[in-house]
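Using the sequences provided together with the hints, build the complete structure.
2 protein chains.
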Amino acid sequence: MATASIITANDVLTLPELALDGGQTLRDVKVAYETYGTLAADRGNAVLICHATTGDQHVASTNPRTGRPGWWDRMVGPGKPIDTSRFFVICANVLGGCMGSTGPSSLAPDGQPYGMRFPVITIRDMVRAQVALLDALGIERLHTIAGGSMGGMQALSLASSWPERAARVLVIAATGAMGAQNIAFQEVGRQAIMADPDWQGGAYYGTGKAPDAGLAVARMAAHITYLSETSLTEKFGRRLQDRTAKSFGFDADFQVESYLRHQGLSFTERFDANSYLYITRAMSYFDLAEEHQGRLADSFAGSPARFCVVSFDSDWLYPTAVSRRLVHALSAAGAPVSFVELSAPFGHDSFLLDVPALDRVVAGFLGQ
Amino acid sequence: MATASIITANDVLTLPELALDGGQTLRDVKVAYETYGTLAADRGNAVLICHATTGDQHVASTNPRTGRPGWWDRMVGPGKPIDTSRFFVICANVLGGCMGSTGPSSLAPDGQPYGMRFPVITIRDMVRAQVALLDALGIERLHTIAGGSMGGMQALSLASSWPERAARVLVIAATGAMGAQNIAFQEVGRQAIMADPDWQGGAYYGTGKAPDAGLAVARMAAHITYLSETSLTEKFGRRLQDRTAKSFGFDADFQVESYLRHQGLSFTERFDANSYLYITRAMSYFDLAEEHQGRLADSFAGSPARFCVVSFDSDWLYPTAVSRRLVHALSAAGAPVSFVELSAPFGHDSFLLDVPALDRVVAGFLGQ
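Protein sequence lines correspond, in order, to chains A and B. So for the first sequence, the numbering used here puts the first residue at 11; every next one is plus one. So for the second sequence, the numbering used here puts the first residue at 11; every next one is plus one.
Worth flagging that the hints you see were computed from the coordinates, not collected in a lab. Take these hints with a grain of salt, some might be off.
Pairs involving identical chains hold if they fit within one copy or between any two copies, as the list cannot separate such chains.
Claimed, not checked - Each computed DMTMM-like pair below joins lysine to aspartate or glutamate, with the alpha-carbon atoms no more than 25 angstroms apart:
(1) K219 with D208
(2) K245 with E300
(3) K256 with E301
Remember, predicted model here, so these are calculated numbers, not experimental data.
Take a look at the structure:
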């Protein structure tokens, strides 16, 4: 309730068209977004927050599908590190998503859902839709663009392709290029979905069936990668779930099994399987250096922005080494960049969880 | 051809019955095994090699299903680290497997395949079947029991429950208890199989359908965990497969995607999905300390064996830390134990691959 009241807008922008990296042009593109706080007269206090793979625009408002607080409620609000009494905060559902922005579950111009007719998009296409949103809001230059995980990739993409649009770029637990292991995990998730007969080549809308089983498996596999081995051990270890002895069967004997099954199942209630395909595809395609003959530093040549890069010591999905590579590239490009590896036990998900040191880094960077 | 010729037996032992940890008794239990070399007159030169999750008895002979060399061909043979001109080497397909030993695809006493009527087994049950094989072969005490991964767990289980049956215990890339992250990955694999409608509650034998799609996804996810991030990066990086540009589609654009799909698909040609369920279940149940109030050292109290424990620095599935815990327990139990962490880039699969340092450790330990 307290969180919902701080929203100043919950709206949908419609773009007549959006040209995509893949060469196609999407028509009638919706961008669902929320804003918090008040845009200053000089329009200099806007902060764009980009969400991660399965996030959404409800950064600090109650999520209408789950009834749970916004995914970064702890970070965004009055008096919080991203202080909505000071900043005008914007968060949009990504292109390809399923929370109001145009994606594979949206209706195509022929009145039928896109399904797999939806074009493959890139991280930059997601950013492109958000740049159009900034144009519509009359924001020429962001005070800060910020994001964790895929959100950090969007921040980097904006810094690279629209360098004048943000004064500060905050990149948390992300990378400048998706690595082989992550591409592999993403492929497993997609194969799990596409192996489900209820996927029906992506044309499951309106059939009363959806590839929930495949999507749940995809989520389970991904979820393991978001947590550290240490946090799984501390949280669950080998403890049994609601029993005193092993069942000698295939029930969820262990708490970690029960937890994972719940994660998989509940995910299917809030996420569209085709969106998962398209968003993970965009991530696996992400490589900022690709257009610069492999020289990541050239992606940021002449950038006027200040950067802050954060990694977590327990994150094995986007480990500190990839952040360090990014920082080296930014330094080589002459960009002012601060870098911190935070100690937190939660693995990749640390950026979403209670890590007070992250709060201080975020507040400090935005206050500069 | 050269490898096949060193086999001295390729046989199947039938046990009238086998009492299991879960309380049930299996009747008419087959144990498919191979032997290499000659058993000495004093029967003191027998080496039992235990295979890993998806391995089989074809340790150094051509695999009849794949036509490929045995899975430890590089380690076992005349003049090799496990020298068949000196040792009598035995390798049996595990109980629950699908290469000739009794498992869920075997016929139950009613003439129909067990399917999910097969009892849930443990690592110790697998060892129990192999102890019966040793009895049948007249081998009272092994010179060495050796294994990597699940094979190492079997070696530990024998050392704990039948301490007089082996003079030397060689444990490579294994653990004394399955950790939460590994239980989680195993659960994902099982859920992928059971989510496949062609699984049909496990009763797919003879229906012309099998849960190949689910089994392939399970294998893909597991396969990632067998490799290191470094080896995936070196082997594949972000290189494209048979194309010069991204397809902007869902084909296997990247080599690592194509490789994984192949791994998944080819696995279904040689492995039974229900066996995968039962074997991973046995692994997740594995905890040597469970019967000793959590004190791992007590599992080896009074053991007369010498131990050698090997880990690999790039193995994140069974990292050095878990081997170290095992070594501490063995030391606390007063067992002579040598421990080495080898540097190898291949991740968990290092125990199967070209790591000359491992050859020297194995040869050295068997020569003691």
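How the hints compare with the structure:
no., hint, result
1, K219 with D208, "both (6 angstroms within a copy, 17 angstroms between copies)"
2, K245 with E300, "between (40 angstroms within a copy, 19 angstroms between copies)"
3, K256 with E301, "between (54 angstroms within a copy, 13 angstroms between copies)"
Consistency note: the structure conflicts with none of the earlier hints.
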